[in-house]
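Residue numbers (this note's numbering), protein chains in the order written: chain A, 28 to 505; chain B, 28 to 505.
Derived from the structure by calculation, the hints contain no laboratory data. A couple of the hints might just be wrong.
Identical chains blur together in the list; that is why a pair holds if it fits in one copy or across any two.
Said to hold, decoys possible - Keeping only pairs whose Cα atoms sit at most 20 Å apart, straight-line, the calculated EDC-like set for lysine to aspartate or glutamate is:
{"no.": "1", "residue 1": "Lys-256", "residue 2": "Glu-215"}
{"no.": "2", "residue 1": "Lys-238", "residue 2": "Asp-329"}
{"no.": "3", "residue 1": "Lys-368", "residue 2": "Glu-183"}
{"no.": "4", "residue 1": "Lys-294", "residue 2": "Glu-132"}
{"no.": "5", "residue 1": "Lys-294", "residue 2": "Glu-60"}
{"no.": "6", "residue 1": "Lys-149", "residue 2": "Glu-121"}
{"no.": "7", "residue 1": "Lys-256", "residue 2": "Asp-234"}
Number of protein chains: 2
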Amino acid sequence: MTTTPENLEPEIGEAEVARPDTPPAETEDLSAEEEAQTALLRDIVEAIDGGREARLRTLVESLHSADLADLIGLMDAHHRIALVEVLRADLDPEVLTELEGAALEQVIGVLEPGEIAEAVCKLEIDDAVDVLEELEASERQQVLEQVPGEERMAIEAGLAYPEDSAGRLMQRDLIAVPPFWSVGQTLEYLQKEDDLPNDFWEIFVVDPHYKPIGTMPLSWVMRATSEQKMSDLMTSEQTLIPVALDQEEVAYLFRQYNLVSAAVVDKSERLVGMITVDDIVDVIDEEAGEDILALAGVSEGDVNISVRSISRTRFGWLLLNLLTAIMASLVIAMFGASIEKLVALAVLMPIVASMGGNAATQTMTVAVRALATRELTAVNTFRVLGKELAVSIMNGTVLAIIMGVIAALWFSNQALGMVIAAAMVINMMVAGLSGILVPVALERLDIDPAVASTVFVTTITDIIGFLAFLGLAALFLI
Amino acid sequence: MTTTPENLEPEIGEAEVARPDTPPAETEDLSAEEEAQTALLRDIVEAIDGGREARLRTLVESLHSADLADLIGLMDAHHRIALVEVLRADLDPEVLTELEGAALEQVIGVLEPGEIAEAVCKLEIDDAVDVLEELEASERQQVLEQVPGEERMAIEAGLAYPEDSAGRLMQRDLIAVPPFWSVGQTLEYLQKEDDLPNDFWEIFVVDPHYKPIGTMPLSWVMRATSEQKMSDLMTSEQTLIPVALDQEEVAYLFRQYNLVSAAVVDKSERLVGMITVDDIVDVIDEEAGEDILALAGVSEGDVNISVRSISRTRFGWLLLNLLTAIMASLVIAMFGASIEKLVALAVLMPIVASMGGNAATQTMTVAVRALATRELTAVNTFRVLGKELAVSIMNGTVLAIIMGVIAALWFSNQALGMVIAAAMVINMMVAGLSGILVPVALERLDIDPAVASTVFVTTITDIIGFLAFLGLAALFLI
């Protein structure tokens with residue numbers, strides 16, 4: 028059967044009305060995938076332990092660089108180092124770009140500066156920068172000395188941009204043509220020119236000062252006739268990214284305007300590079316991960332870093348929480364006499380604090396997320412605050428009644444039931460308000476709300492919880 | 028100055044070594060941006076309130092659909108509805124694809140089925156499906172009845188795929204050519220054919236049964252000569268996405284293999300559609316947001332839903348936490364007599380529980396995140412567990428000594444200091460272990476660890492915290 032556009036068409040038509048298949052049992056698929064990965068990793072580790080180099084190379088060669096990087100990330104440090112010692116220069120340089128944190132450091136640590144230089148030269152500039160920024164300054168210098176002139180200058184220029192800026196993410200190779208060129212001229216240029224990026228998705232049109240004046244996706248060029256002028260085809264609606272923009276902002280622009288690539292411009296608005304969406308996908312993932320971890324007081328989610336580093340990165344948060352817990356204990360200590368008289372207070376008081384903490388965490392997390400996605404701004408803070416207050420009054424009242432009844436029955440003490448109910452309503456209102464106000468205030472003060480909100484908010488609900496419950500008890504029960 | 032490739036080159040060279048500018052003061056920029064948005068929103072709201080329709084249309088027309096959608100999301104419901112009542116069919120259909128949750132429901136609620144049908148016809152199929160899945164079944168039927176035959180069938184086919192599957196994300200328009208075509212034939216086909224997607228980034232090569240056998244990015248086609256055969260240009264290394272695959276898995280494949288678009292195949296491996304990265308960027312963002320919210324016990328982060336809905340979505344979690352808090356109180360109640368004798372126990376016991384809870388939350392969050400990014404699998408669970416245990420012993424010991432000394436001095440009771448120190452070490456070890464084991468076990472049981480981990484882990488650390496501290500106190504102090 029020969030396939031021509033004419034008989035391709037009905038095929039498309041048929042595909043369009045095709046009914047979906049039943050979905051595969053996803054969990055089975057997943058664990059099958061994981062099992063295959065585990066089996067492969069076991070084979071590789073066995074080959075390393077047995078010194079079977081040929082077998083090892085065969086196993087590794089068939090893998091996509093991203094999958095090999097995953098396996099290297101999952102290995103223990105000993106085998107990771109042994110594997111790289113065998114492969115050395117034969118390790119696909121792309122693997123370096125897919126590795127992260129401690130695993131990348133260990134792999135690079137095995138290689139000689141000359142080997143790293145060779146690998147880096149095979150990468151696009153943005154990826155090379157990404158790898159080299161992991162090195163210590165002195166080691167990086169050693170590597171760069173062995174990188175040929177032009178690449179070295181480009182890499183050094185990339186490294187000179189601030190960390191996490193658009194300048195670090197961009198590649199310098201791109202296609203830029205003058206507006207008066209025809210499609211035919213552009214295609215001819217593309218076919219003749221050797222020094223072009225591997226993949227590109229749009230063609231930029233620049234003025235004589237190299238300022239971008241328009242752009243067009245490749246699909247437009249392909250559908251145009253050879254005589255059409257670029258200036259007639261291009262759109263001047265184009266998102267330009269300042270080279271110093273933070274990567275989180277860059278990711279926002281890509282997401283907001285559904286970009287696949289975008290032009291990067293310097294302060295004088297000249298085109299200096301291009302960022303492609305594949306790098307942005309990693310940034311979005313990274314930033315989302317940072318927020319999740321920051322809310323829990325963790326600055327580093329890398330499972331491959333050492334016990335010592337993990338301990339150090341988490342200790343500060345725990346110490347801070349110890350201090351706030353002691354503050355809450357000072358509040359309890361104020362009511363020692365009441366507790367001695369009515370031990371039920373000691374039994375019930377953690378409930379009031381804990382419910383406030385949970386309600387506050389809910390509100391705070393929604394607020395932190397909404398701030399990150401820009402769904403919570405100065406415009407609607409007051410409205411959202413009102414809603415959260417209403418929600419905490421509604422939920423707080425219902426839960427307070429439930430707990431009040433339980434407490435009254437448990438300790439055969441109606442007044443105690445009313446005191447705990449009142450304390451819960453108070454604390455959950457405070458929780459709703461502080462869950463919004465703390466992250467919003469931190470954002471205003473230019474402090475990352477994901478990093479600092481939790482400790483403030485839970486301190487507030489602990490202290491108010493103990494104070495409201497024990498204070499009311501001291502007033503009305505003792 | 029005329030610009031030719033020859034004098035473009037040095038410009039590129041110059042750009043490559045250009046030093047970066049100092050970064051703009053980012054916060055100022057951001058708040059300027061936010062201020063501009065706030066001012067624009069105020070103008071729009073004033074135009075709505077003043078009934079100045081012409082002014083309103085002028086303000087709205089100049090906006091990018093994504094920015095208008097943001098503003099609509101930030102407005103209160105009253106103005107949101109009023110705006111759509113003015114614009115009606117003139118509302119850019121793309122705005123619907125950028126709106127989310129409650130705001131989208133409200134906007135659609137204003138429009139007549141005929142108006143929605145008209146808007147939906149202007150969208151790509153995947154976006155149309157995205158909008159229509161928000162409607163009630165009966166309303167959706169009313170809309171679909173007014174959509175012309177071919178589009179309706181395509182939309183219905185999309186809606187028939189399971190929610191959150193590749194089938195819902197894909198578009199059906201794509202470029203597929205036979206392998207024996209030349210580049211010239213392909214270009215001619217592209218130029219003549221009208222029914223093509225707006226944007227496409229690769230050309231798929233299919234066999235006579237419409238099974239994908241290769242692909243090439245557009246840039247390859249553009250750099251090839253007109254006589255070259257597609258089969259010689261294409262790469263057969265290609266990521267094929269099963270149509271029933273969950274969107275989280277699809278996002279994983281895009282991230283793992285740096286895809287810009289990918290072919291979607293049905294059960295018999297025929298090409299049925301194409302997914303592009305712009306939709307995946309939204310999925311990644313959405314899934315990351317879901318995990319953050321789920322850890323805090325929130326199933327819905329939409330700031331625009333009603334107070335009633337917010338209360339309902341959060342109540343279950345709070346009730347569950349109330350029950351676990353009562354369980355912890357039962358443990359305290361067992362030691363009522365000890366607390367009556369030594370009220371310092373009531374003062375200090377929340378510290379032990381809270382430190383365990385914080386340490387566990389740190390470990391658990393790292394584990395949940397590492398499970399999501401597949402950096403924690405069956406292969407390295409045991410190793411990671413060992414590390415976490417070591418970390419919790421190290422940090423737990425240091426913090427326990429600090430707290431032991433404070434307690435001993437505060438209550439002039441050395442034995443009390445030793446008891447709280449021992450209880451803290453025990454609870455933080457339990458925290459480290461449960462922080463890993465609970466999420467890993469939930470994942471094995473096919474329960475989303477982000478949703479269920481927190482309540483298990485904090486219940487464990489509360490109960491063990493109170494039990495260890497009060498139990499040791501009862502044994503050694505009373």
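A quick look at each hint next to the structure:
For the homomeric pair Lys-256 and Glu-215, the shortest alpha-carbon distances inside one copy (14 Å) and between copies (19 Å) are both at most 20 Å. Taking CA atoms no more than 20 Å apart as the test, Lys-238 paired with Asp-329 passes in neither setting, with 41 Å inside one copy and 40 Å between copies. Taking the shortest Cα distances, Lys-368 and Glu-183 never come within 20 Å of each other, neither inside one copy (72 Å) nor across copies (70 Å). In this assembly of identical chains, the alpha carbons of Lys-294 and Glu-132 never lie at most 20 Å apart, being 34 Å within a copy and 42 Å across copies at closest.
Taking the shortest alpha-carbon separations for Lys-294 and Glu-60, only the inter-copy value of 18 Å comes in at or below 20 Å, while the best intra-copy value is 48 Å. Within a single copy, Lys-149 and Glu-121 get their C-alpha atoms as close as 8 Å, which meets the 20 Å cut-off; across copies the closest is 41 Å, which misses it. For the homomeric pair Lys-256 and Asp-234, the shortest alpha-carbon distance inside one copy (14 Å) is at most 20 Å, but the shortest distance between copies (36 Å) is not.
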